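Trainee: Sequence:
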Amino acid sequence: MSNSLTLEKLLLAPVVAFLLVFYVGPIGFDLWASVRSEGGAVSAAGGFVGFAHYASLLSDARIWSSAGVTLVFTVTVVIATYVVGLVAAMTLNRKFFGRDVIGSLLLIPWTMPLVVAAVVWGWLLDYQFGIVNYLLEKSGLISQPIGFLTDPDVALTSVGAAQVWRLFPLAMVTLLAALKAIPQELYEAAAIDGANRWQSFWSVTLPSIRSTTTALVLLIAIWAFGRVFTIVFVMTGGGPAGATETLVIATYLEAFRYFRLERASALGAMVLAISVILTLLYLRASRDRSK
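The opening position of the sequence shown corresponds to residue 2 in this note's numbering, with each subsequent residue numbered one higher.
These are computed hints drawn from the structure, not numbers from a lab. Check before you lean on any hint, since a few could be wrong.
[Claimed, not checked] Computed Cβ-Cβ distance ranges for the label pairs, DEER-style:
(1) T231 x A178: 26 to 34 Å
(2) L187 x F19: 40 to 48 Å
(3) Y24 x A182: 32 to 40 Å
Since the structure is predicted, the reported quantities are computational estimates derived from the model, not experimental observations. Where a beta carbon is used, it is the ideal one built from N, C-alpha and C, also for glycine.
Model the full assembly from the supplied sequences, consistent with the hints where possible.
Mentor: What follows is the structure in structure tokens.
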């Protein structure tokens with residue numbers, strides 16, 4: 002028995018060490034640096050300043066602007082991803098020729114590396130050489146190129162479209178599994194009561210996938226809120242004029258453009274706190290779904 006416990010501890014040791022070094026350690030350092038004076042994160046000369054950096058961030062108009070961008074981006078991406086994923090799932094839930102091939106092709110965005118996806122979208126939407134502007138001009142829909150990534154009024158929508166494209170396969174697969182679990186007897190009963198397809202959708206489909214929807218929406222929100230750095234940074238870098246500067250991007254800029262490591266640590270801690278809250282809500286929704 003003791004030998005078995007020793008073996009288990011030995012097998013767990015590398016995993017525990019990995020978590021301590023690459024997760025717990027950085028989080029602990031971030032929290033420590035966030036309460037140090039300027040320069041205190043890299044020098045022992047810095048002193049304890051408590052929540053001064055947090056107060057400074059909460060009174061910074063640029064940070065509030067980034068928070069607004071993050072909120073709009075997250076809500077828009079969540080809604081659009083869910084709708085596109087649901088439409089794709091309902092389509093694949095029906096039998097038609099080539100369904101398996103189309104389903105496999107629709108999974109490509111999820112399997113593509115983030116950097117590659119961001120570069121491809123950046124090329125497609127480029128002002129001078131982008132194929133989207135080229136096709137729109139050739140079709141006569143526009144007379145001059147659209148600044149998809151350079152116009153502050155359009156940039157956030159463009160980045161959001163790339164994020165939706167990246168995430169919708171996750172929603173599609175999750176919702177497709179939920180749709181297949183709905184008993185056909187419910188649709189037959191609705192048809193006997195005189196319900197058409199649209200009415201069956203509202204009275205049978207949506208209520209049957211409610212728990213899945215709740216968990217999925219929270220999962221997409223986690224990705225849209227905290228896993229957006231690569232897409233935004235590669236495509237726009239947070240610009241133009243801060244139009245796509247989410248809180249994650251703002252954290253990076255605080256650290257590596259303005260070299261305010263302590264403020265960046267405080268902002269990172271705030272972003273982490275929101276991510277943890279979303280994660281806890283997701284875990285609770287997933288647990289309720291499994292009951």
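Trainee: Look at the Cβ atoms of Y24 and A182 and judge whether their distance stays inside 32 to 40 Å.
Mentor: Cβ of Y24 to Cβ of A182: about 34 Å, so the range 32 to 40 Å holds.
Trainee: For the pair L187 and F19, does the Cβ-Cβ distance stay inside 40 to 48 Å?
Mentor: At 46 Å between Cβs, range holds.
Trainee: When you take the CB atoms of T231 and A178, is the distance between them in 26 to 34 Å?
Mentor: holds (27 Å)
Violated hints for the displayed structure: none, as all numbered hints are satisfied.
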